[in-house]
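Sequence lines, in order, name chains W and F.
For reference, each letter of the first sequence is one residue, going 1 to 136 in our numbering.
For reference, each letter of the second sequence is one residue, going 1 to 71 in our numbering.
Treat the hints loosely; a few may be bogus.
[To be verified] Mimicking SDA-like on lysine to any residue, the simulated pairs with C-alpha atoms at most 25 Å apart in a straight line are:
(1) Lys8/W <-> Trp115/W
(2) Lys8/W <-> Ala49/F
(3) Lys37/F <-> Ala49/F
(4) Lys37/F <-> Ile47/W
(5) Lys33/W <-> Arg13/W
(6) Lys8/W <-> Leu44/F
(7) Lys37/F <-> Lys33/W
(8) Lys37/F <-> Val106/W
Honestly, the hints are just simulated from the structure, not real lab data.
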Amino acid sequence: MPRSPAWKRYNWRVIWLSLLYAATLLTATYGFKHKLLHGGLAYLAAILPALAIVGIFGAMGRYLVEEQDEYVRMLLVRQSLWASAFALSLATVWGFLESFGLAGHVEAFYIAVVWFFGLGLGSIYNRLTLGSGAGC
Amino acid sequence: MENRLRLLRAERNWSQQDLGQRLEVSRQSVNAIETGKYDPSLPLAFRIAELFDLPIEDIFVSPSRRSSKAI
């Protein structure tokens with residue numbers, strides 16, 4: 001199926017942000033491993049990979065605004081609601097398990113990974129109920 | 001929402017892709033509307049009506065009228 005111009009722009013943004021994420025993560029990892037980063041620079045290096053991921057969330061938001069096909073927009077909104085419900089539920093359950101000493105500590109940034117996994121669940125739900133998925 | 005979109009499209013020998021291009025929506029959107037899985041917004045319903053040169057109510061069956069007929 002031919003994709004919309006908004007989808008193509010979204011894809012390009014995600015590709016560039018993913019490259020930025022890889023580059024900043026590698027740089028930060030190298031810098032911290034060799035003790036090259038101190039003070040404000042250390043904070044900046046630690047935050048930059050996170051900002052690339054935040055940028056991907058932003059790219060999804062831009063795509064929702066720019067996509068002209070209302071049905072495709074609705075599919076993505078449903079997917080995002082599934083992802084949010086899944087990620088927030090899992091984080092809440094894990095948080096309680098962790099606070100009672102029944103589960104180990106997990107770095108908070110993994111919630112983004114869980115959210116993206118939730119998008120996949122949302123896509124499956126869309127296919128099961130409507131026979132089509134948005135693709136994100 | 002029940003509608004006559006598939007019939008109107010078939011009368012013109014248009015594929016779902018053709019209709020999607022005319023309406024500037026995806027083929028899957030046309031399919032979802034035809035099968036009643038998705039109700040289009042008012043602006044899209046007007047675009048559909050204008051494309052076929054018909055009033056909206058000649059394409060989409062009002063759910064309230066449909067239920068009153070059933071009674």
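| query | Within a Cα-Cα threshold of 25 Å, do lysine 8/W and alanine 49/F meet the stated pairing? | reply | Given that 25 Å is the threshold and the Cα spacing comes to 30 Å, the pair is violated.
| Distance restraint between lysine 33/W and arginine 13/W, which requires alpha-carbon spacing of 25 Å or less | Since the Cα atoms of lysine 33/W and arginine 13/W sit roughly 30 Å apart, the hinted pair is violated (cutoff 25 Å).
| task | Below or equal to 25 Å on CA atoms is what counts here, so check lysine 37/F against alanine 49/F. | result | 19 Å, holds
| query | Is it true that the CA of lysine 37/F sits at most 25 Å from the CA of valine 106/W? | reply | 40 Å, violated
| message | lysine 8/W and tryptophan 115/W were given as a pair; does the straight-line alpha-carbon distance stay at or below 25 Å? | response | 22 Å, holds
| query | Between lysine 37/F and lysine 33/W, does the CA-CA distance stay at or below 25 Å? | reply | At roughly 54 Å apart (the allowed maximum being 25 Å), lysine 33/W and lysine 37/F break the hint.
| Restraint status (C-alpha distance of lysine 8/W to leucine 44/F at most 25 Å) | 23 Å, holds
| Given the hinted pair lysine 37/F and isoleucine 47/W, is their alpha-carbon gap at most 25 Å? | 43 Å, violated
Comparing the model with each earlier hint shows violations of hints 2, 4, 5, 7, 8; every other hint is respected.
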